[in-house]
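Residue numbers (this note's numbering), protein chains in the order written: chain A, 865 to 1194; chain B, 865 to 1194; chain C, 865 to 1194.
A portion of the hints provided could be inaccurate.
One copy or two, it doesn't matter: identical chains are merged, so the pair holds either way.
Unchecked claim - The calculated BS3-like cross-link candidates involving lysine-lysine, where the alpha carbons are at most 27 Å apart (straight line), are: (1) K945 x K1003; (2) K945 x K922; (3) K1003 x K1029; (4) K1029 x K881; (5) K945 x K1135; (6) K1003 x K1135.
Keep in mind the hints are simulated off the structure, nothing from the lab.
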Amino acid sequence: METSITNKSAWARFVDKNIFIQFFDVTLRGCAQVMFQNNPLTGLLFFIAIFTGAFLEKIPEVAFGCLLGTVIATLTAYISKLDIDSLRSGLYGYNGCLVGVALPAFLENTPFTWLSVILGSIVSVIATISLMDFLRSWKVSALTAPFVLVSWTILLASYSFLGIKGVSLPEPTLPHQYIEPIGHHPSIDLVVVVFRGVSEVFLLNSVIVGVIFTIGLAVSSIWAAIFAILGSLLAFSIASLLKADIASIHAGLYSFSAVLTAIALGSTFNKPSWRGLIYAIIGIIFTVFVQGALDVVLKPFGIPTLTMPFVLASWLFLIPNQDIMPNHRR
Amino acid sequence: METSITNKSAWARFVDKNIFIQFFDVTLRGCAQVMFQNNPLTGLLFFIAIFTGAFLEKIPEVAFGCLLGTVIATLTAYISKLDIDSLRSGLYGYNGCLVGVALPAFLENTPFTWLSVILGSIVSVIATISLMDFLRSWKVSALTAPFVLVSWTILLASYSFLGIKGVSLPEPTLPHQYIEPIGHHPSIDLVVVVFRGVSEVFLLNSVIVGVIFTIGLAVSSIWAAIFAILGSLLAFSIASLLKADIASIHAGLYSFSAVLTAIALGSTFNKPSWRGLIYAIIGIIFTVFVQGALDVVLKPFGIPTLTMPFVLASWLFLIPNQDIMPNHRR
Amino acid sequence: METSITNKSAWARFVDKNIFIQFFDVTLRGCAQVMFQNNPLTGLLFFIAIFTGAFLEKIPEVAFGCLLGTVIATLTAYISKLDIDSLRSGLYGYNGCLVGVALPAFLENTPFTWLSVILGSIVSVIATISLMDFLRSWKVSALTAPFVLVSWTILLASYSFLGIKGVSLPEPTLPHQYIEPIGHHPSIDLVVVVFRGVSEVFLLNSVIVGVIFTIGLAVSSIWAAIFAILGSLLAFSIASLLKADIASIHAGLYSFSAVLTAIALGSTFNKPSWRGLIYAIIGIIFTVFVQGALDVVLKPFGIPTLTMPFVLASWLFLIPNQDIMPNHRR
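So that you can see chain A by itself, here it is in the shape it has in the complex (with noise of 0.2 Å):
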């Protein structure tokens, strides 16, 4: 993730004069942190997209728990003194943003549940400090893991609580090997799968809120566009040929965590070259396999891979690349 602030603006020097202007600014790049870009604007079109989104899926309290969670980690890290560059840069919004989304998603609409956004929100604050420490040594970001495990823990503690209930939660089952169903596919729009894919990102499944977040990712970087789209349709390929099950390939539920993946691995972490998009794209082909290897492992818990399998992928792309990738790092 990009820690420098972009040119010294208009935008930059109004910024600057103002706490609450800034917070707005830095609630933003909260958001368009979540898939590593540094970049008020592309934070607006971002929430502009997931209202869009959300509005016509008709689930508003993910949009507006998404806001609420990116606000409050923002001024969990204000108030906590945090490191000012990487608070600037939006790098304490991105686990509180994503937490927002996710728990209104899947837990039923109660005072608890919102109670639940504002605490993980600020314990996502805490993970991120943690895990930016925890990973230190290796030179690895945080990534979304902030967000998925306490995320995951207020979704497990969900069973165990009846205040904040679970209602789209998956069964929890014991895994079984998938059973092709007889007759024809439905044929398939490849341009509606792999922005869907895109939007999967941020749990809401439509086309519009997919070509929204590229734009907006082609505004800060045009190669992060690029390598969203490339991530996409790559791990829709993959999931098709090896024949996984069609309704959730279609949902783009194979692509969100590769579309993270070839971000990071292509264009946040790396410089795009020939080796690169090489071992980007073997990264990318093996988040798919994480993607269904997890799926599995959640199955008896009832919970969602949430964006994990990008999260344990990208690790260990990630950790190498000072040997596979040399003199890259700043």
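Chain A is fixed; fit chains B and C onto it per the hints.
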């Protein structure tokens, strides 16, 4: 955990003179270190509480196991010539102490169970060194993780080995949403619930045991005693608000990990302060969520959480200590 | 694992002259490193054993997979220009070697399974670098963890992907207490059981294979061969005493991880000594408990433990090496 030997009193000089008295002293401190106290009197009171509770509940094997585990672990540390300061403070004994409580509590009373207690206590020392080494860079303690990992291994293995058959392990099941029972809730005596929570740190379930534990804490550190009660009370309140299973709440099952988190965050690793108090409260609340989550994760495996919720929550909150609580560490 | 190239013999000089002979040499060493030997003759004997066993058991795909995995992993290391000393010692090859054994052993014989072997072998090299980097501070080796993690991922994913369907994976179930069968136990030939245990390191189940493996070890290190037999024998005894499932004991399923722990603790990472012997014996015994525990943990997921019990137990016992075994490391 405090590593300095407190006040060179008559007792301390007496201990220095005789290796058997020293061993006795270190064994007592080992028991006291379960709740982070480096104090032989605390350890003596803890042993009194454990023997009282175990005999009251007609499970004397738990008390004898506790004593055996502490002695074996302490002996292992002496024979292995480990770091003398840590050894004298009881830091190699407390995990064996808990192994000795947990195995007889859940396994059939057979010779192999007792051999497992001995093996487990020895391995708990090895696991303590491993984890201390592993965690050194992040300046956090192993806490009770060695106890939990060793005990989980042996309890899980009891499903494979008839020689150490489980007798009171929870039956492996898939998680399902808890359903609130119809009818009136039993009336609650707050004092009973709070002290039962403290008592459950050693898997015991009686008020008098909790009271003696708290006195034992107060003898060594009044803040430790205060935070233990605060932790138990707060965990009870949060679990009640979140509508957890009433029977589990009353048995103190949501409190014992929170008690340890409270002592650790509130008094052992931070000096009491307003900032620290708020941080500890967030940590205690999150421990209740981790307890609820881990209960669900372990359901399919038929083993109890032991104190792992405390370990996980405390690691999460202790690693950022130097960022969140500047200048508090020696 | 030994990293020094042994005696600059005629063979060593021959190898230095020709890149193809060198590749052949490194491939053999890769296979030998599964049991920590840096010796091409050991590797050759291992391959002979594997082909013999696989054809005897009518699973030739396991032997070809083994060869393919080692070659692909070695090739990946050459292409990625990894550390030449580790490469030449076969340290990037042994995980691919085992991936090539495990995947064809459990998955349907389809083109996608073979593509998964290739992908898995490539990723095993990346995982090796990752884990080496991760574990550097604690001076412990990655052992066979890269193999296990990559194979688990692909085996778990086989439940999601029809293209790599599992055919001999254990069915996912909840754990339950094993019930001892009524009737006479089959008579046991100790020699058969011990060598089967050694054979199961490569998932094979025949005495002759175990014998050739042991000869292969002896060619490189007589202590390694002795500890392999000791480990297998001790694990058999402990599992019998603890009353594990007779069929599993006889198939060597409690022994193969213990064999590796025995070689690792007894001869590879410690010089043989009385102190080391006692430490190794405790480690071997605990490996049997870890095997029993991990069998239970993996039941709901329908995958085998592979050599993970060895990895976990050995990490636990190797990290304290410098505390428990002072001055033994180079």
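Results for each hint:
With identical chains, the CA atoms of K945 and K1003 are at most 27 Å apart both within one copy (23 Å) and between copies (21 Å). Taking CA atoms no more than 27 Å apart as the test, K945 paired with K922 passes in neither setting, with 37 Å inside one copy and 53 Å between copies. Taking the shortest alpha-carbon separations for K1003 and K1029, neither the intra-copy value of 38 Å nor the inter-copy value of 37 Å comes in at or below 27 Å. For a Cα distance limit of 27 Å, the shortest separation of K1029 from K881 qualifies neither inside one copy, at 44 Å, nor across copies, at 61 Å.
Within a single copy, K945 and K1135 get their C-alpha atoms only as close as 32 Å, which misses the 27 Å cut-off; across copies the closest is 19 Å, which meets it. For the identical chains of this complex, K1003 and K1135 are intra-copy neighbours only, at 16 Å inside a copy versus 32 Å across copies, given an alpha-carbon limit of 27 Å.
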